[in-house]
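Student: Whole structure, please, built from the sequences with the hints as guidance.
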Amino acid sequence: MIEAKGLTKVYGGKTAVAGVSFTVKPGLVTGFLGPNGAGKSTTMRMIMGLDRPTSGSVTVNGLPYAQHKAPLHEVGALLDAKAVHTSRSAYNHLLAMAATHGIPKARVREVIEMTGLEAVARKKAGGFSLGMGQRLGIAAALLGDPQTLILDEPVNGLDPEGVLWVRNLVRYLANQGKTIFLSSHLMSEMAQTADHLIVIGRGRIIADAPVKEIIAGTRQAKTLVRTGAALELSALLAGDGVTVDQSEPETLEVTGMDSRQIARIALDNRVLLYELTPQLSSLEDAYFDLTKDEVEYHSHLTSGPAVSAPAAAGK
Amino acid sequence: MSTMTETRTVPTRSSAGSRGVTFTGVLRSEWIKLWSLLSTRILLLLTLLAIVGVGALAVLIRYTYLDEMIRRARDQGQTMTPDMLEKSFPPGSGFDLYNLPNAGLQIGILILGSLAVLFMSSEYATGMIRSTMNAVPRRTPAFVAKAIILAVISYVITTIAGVVTFLIAMPVFQGMGFDLDWSTDGVLYSIFTGGLYVAGVALIGLSMGTLLRNSAGGITVLVALFFVLSIAASFMTLIPGEFWKYVPQYIPSEAGGRFLSIGHTDGIIDPWHGGLIFLGYVLLFLIPAMIVLKKRDV
Numbered sequence: 001m002i003e004a005k006g007l008t009k010v011y012g013g014k015t016a017v018a019g020v021s022f023t024v025k026p027g028l029v030t031g032f033l034g035p036n037g038a039g040k041s042t043t044m045r046m047i048m049g050l051d052r053p054t055s056g057s058v059t060v061n062g063l064p065y066a067q068h069k070a071p072l073h074e075v076g077a078l079l080d081a082k083a084v085h086t087s088r089s090a091y092n093h094l095l096a097m098a099a100t101h102g103i104p105k106a107r108v109r110e111v112i113e114m115t116g117l118e119a120v121a122r123k124k125a126g127g128f129s130l131g132m133g134q135r136l137g138i139a140a141a142l143l144g145d146p147q148t149l150i151l152d153e154p155v156n157g158l159d160p161e162g163v164l165w166v167r168n169l170v171r172y173l174a175n176q177g178k179t180i181f182l183s184s185h186l187m188s189e190m191a192q193t194a195d196h197l198i199v200i201g202r203g204r205i206i207a208d209a210p211v212k213e214i215i216a217g218t219r220q221a222k223t224l225v226r227t228g229a230a231l232e233l234s235a236l237l238a239g240d241g242v243t244v245d246q247s248e249p250e251t252l253e254v255t256g257m258d259s260r261q262i263a264r265i266a267l268d269n270r271v272l273l274y275e276l277t278p279q280l281s282s283l284e285d286a287y288f289d290l291t292k293d294e295v296e297y298h299s300h301l302t303s304g305p306a307v308s309a310p311a312a313a314g315k
Numbered sequence: 001m002s003t004m005t006e007t008r009t010v011p012t013r014s015s016a017g018s019r020g021v022t023f024t025g026v027l028r029s030e031w032i033k034l035w036s037l038l039s040t041r042i043l044l045l046l047t048l049l050a051i052v053g054v055g056a057l058a059v060l061i062r063y064t065y066l067d068e069m070i071r072r073a074r075d076q077g078q079t080m081t082p083d084m085l086e087k088s089f090p091p092g093s094g095f096d097l098y099n100l101p102n103a104g105l106q107i108g109i110l111i112l113g114s115l116a117v118l119f120m121s122s123e124y125a126t127g128m129i130r131s132t133m134n135a136v137p138r139r140t141p142a143f144v145a146k147a148i149i150l151a152v153i154s155y156v157i158t159t160i161a162g163v164v165t166f167l168i169a170m171p172v173f174q175g176m177g178f179d180l181d182w183s184t185d186g187v188l189y190s191i192f193t194g195g196l197y198v199a200g201v202a203l204i205g206l207s208m209g210t211l212l213r214n215s216a217g218g219i220t221v222l223v224a225l226f227f228v229l230s231i232a233a234s235f236m237t238l239i240p241g242e243f244w245k246y247v248p249q250y251i252p253s254e255a256g257g258r259f260l261s262i263g264h265t266d267g268i269i270d271p272w273h274g275g276l277i278f279l280g281y282v283l284l285f286l287i288p289a290m291i292v293l294k295k296r297d298v
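Just so you know, the sequences run in chain order Y and V. So the first sequence is numbered by the working numbering: it starts at 1 and just counts up by one. So the second sequence is numbered by the working numbering: it starts at 1 and just counts up by one.
Check before you lean on any hint, since a few could be wrong.
Stated by the list, open to error - Rough simulated footprint, nothing fancy, chain V against chain Y, three-plus residues with beta-carbon under 8 Å:
(1) 67 to 76
(2) 83 to 97
(3) 247 to 254
(4) 268 to 279
In case anyone wonders, no lab produced these hints; they're calculated from the structure. Heads up, the beta-carbon is just placed ideally off N, CA and C, and yes, glycines get one too.
Tutor: What follows is the structure, given as structure tokens:
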């Protein structure tokens, strides 16, 4: 259980996190989503007591992290895969961390085995690839078999097999009743892994809801229609609250009307349709809708016609 | 890498039980950190050899000089016993024989002081500091554990090196007829205080590494404090006026150096005053470093 109340961090006049409040519940995988610079890492660093909040507070399992008697058993965190001395072996790194709590050597070997690092455990961590560094970070997070797991971009740099492993691991741990809080910029990853989403943009919480609700609530569903009489159909469908976009000569994207209604109009007017496909709104669409005004660093890509969807999935 | 694909999908039963953070645990952790770096082990061995080596060289130089004096006196038809020779040098002139164990001390200060800076600054350089603060979020125990380990290592190495240096020096000067052995006034004292002095320098080094979070910067400031400042101080004595003659003895290296000698000399602070002033300097850096470490974001 992680509880943040009015958490704020100001770095030299720039507000990185602006009074966020949220609760991460046990037994669920909670995703923390937001564009670069939105304040995800800063928030996680404040949870772990690495950064001191400018104001507000955050507790993990009821206490500020630093006040726990056995912090590694309460929270395991992967905040930065590079939090390792480059000349020390992975085994000795884990051993040194374990020693602080008197965690037995057997557990160190166990997490090395769990993360598939056996072959490189005695090698200098400085020579690790991004993926191996990530596995070492996860091994360190699991060391104390913690009740709460905080992972900042855990699949970053992992191969597909590793991504699947992380997904299964967090799912398994959540099913055991543990609290899982993970950030990712891969929205497709979140769609498959998370149960609940907290979306942050420019240091503020934009959405805090179950994944399904966020997908359903943001953008109106689209329907793809293919017909030889695109212009004619387009004119027939047009009306209040209905948007028709023509992306290709014989292809229409219809918003504001479902496929049954479109089929009815087409039949009534004897227009032949050769495809009628409801387009499920993806988490990716939902995410872009939610954060499009909150992105810190715009990539200046020309976007299509602006669709104004209400950010409905608020609290 | 093919070995990477052998990951388990489901974690095995955990055996992670423990009592939580204990100071002994943190101490063991910091020891593992220090000792698990091959470079540290090599450096510590070389430090021992360097202190003894420089010490032996200093023994050779003194031997040659004293031998020359005796021979020259003999050539001029005078008798010059080692006893008379010893009395011809004022105390604190650097020709006392009791401080031979610390003949190679300066090189020890340089290396162990730098190692102490690196013990902390390398954690900032590599990002290890965040793992350290994750495991010990109260932070202060990790700093204190580092301080204890550095102080003990510095003390032990300096003491061993001092004993070895004296074992080399003793027969050389006994052979010349000097009355010098373990019971000579100041010998054991200088071995004891030499270790304390270097341990103190290591603590200042650790504080520098913590305050500056930068290896090069920390070592530079440490060298400035213990080497450049003493050169500057020797120029200070050239400034006209009585006042400036008394200032240099209060700088860290001079106060600490005075702590290693015995006896009272008019116009110079007593050894235990030097020791207290040096301790003051250690605390002057150590306490702000601990406060800053506790408060600062990592």
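Student: Compare the structure with each hint and give your call.
Tutor: We went through each hint and held it up to the structure:
Remark: the segment 67 to 76 of chain Y is confirmed as covered by chain V, as 6 of its residues place a Cβ nearer than 8 Å to a Cβ of that chain, reaching the required three. With a threshold of 8 Å between beta carbons, the proposed coverage of the segment 83 to 97 of chain Y by chain V holds, since 12 of its residues qualify and at least three are required. Only residues whose beta carbon comes within less than 8 Å of a beta carbon in chain V count, and the segment 247 to 254 of chain Y has 0; fewer than three means the coverage is violated. With 0 residues carrying a beta carbon less than 8 Å from a beta carbon of chain V, the segment 268 to 279 of chain Y misses the three-residue requirement, and the given coverage is violated.
This entry does not satisfy hints 3, 4, going by the numbered hints stated previously.
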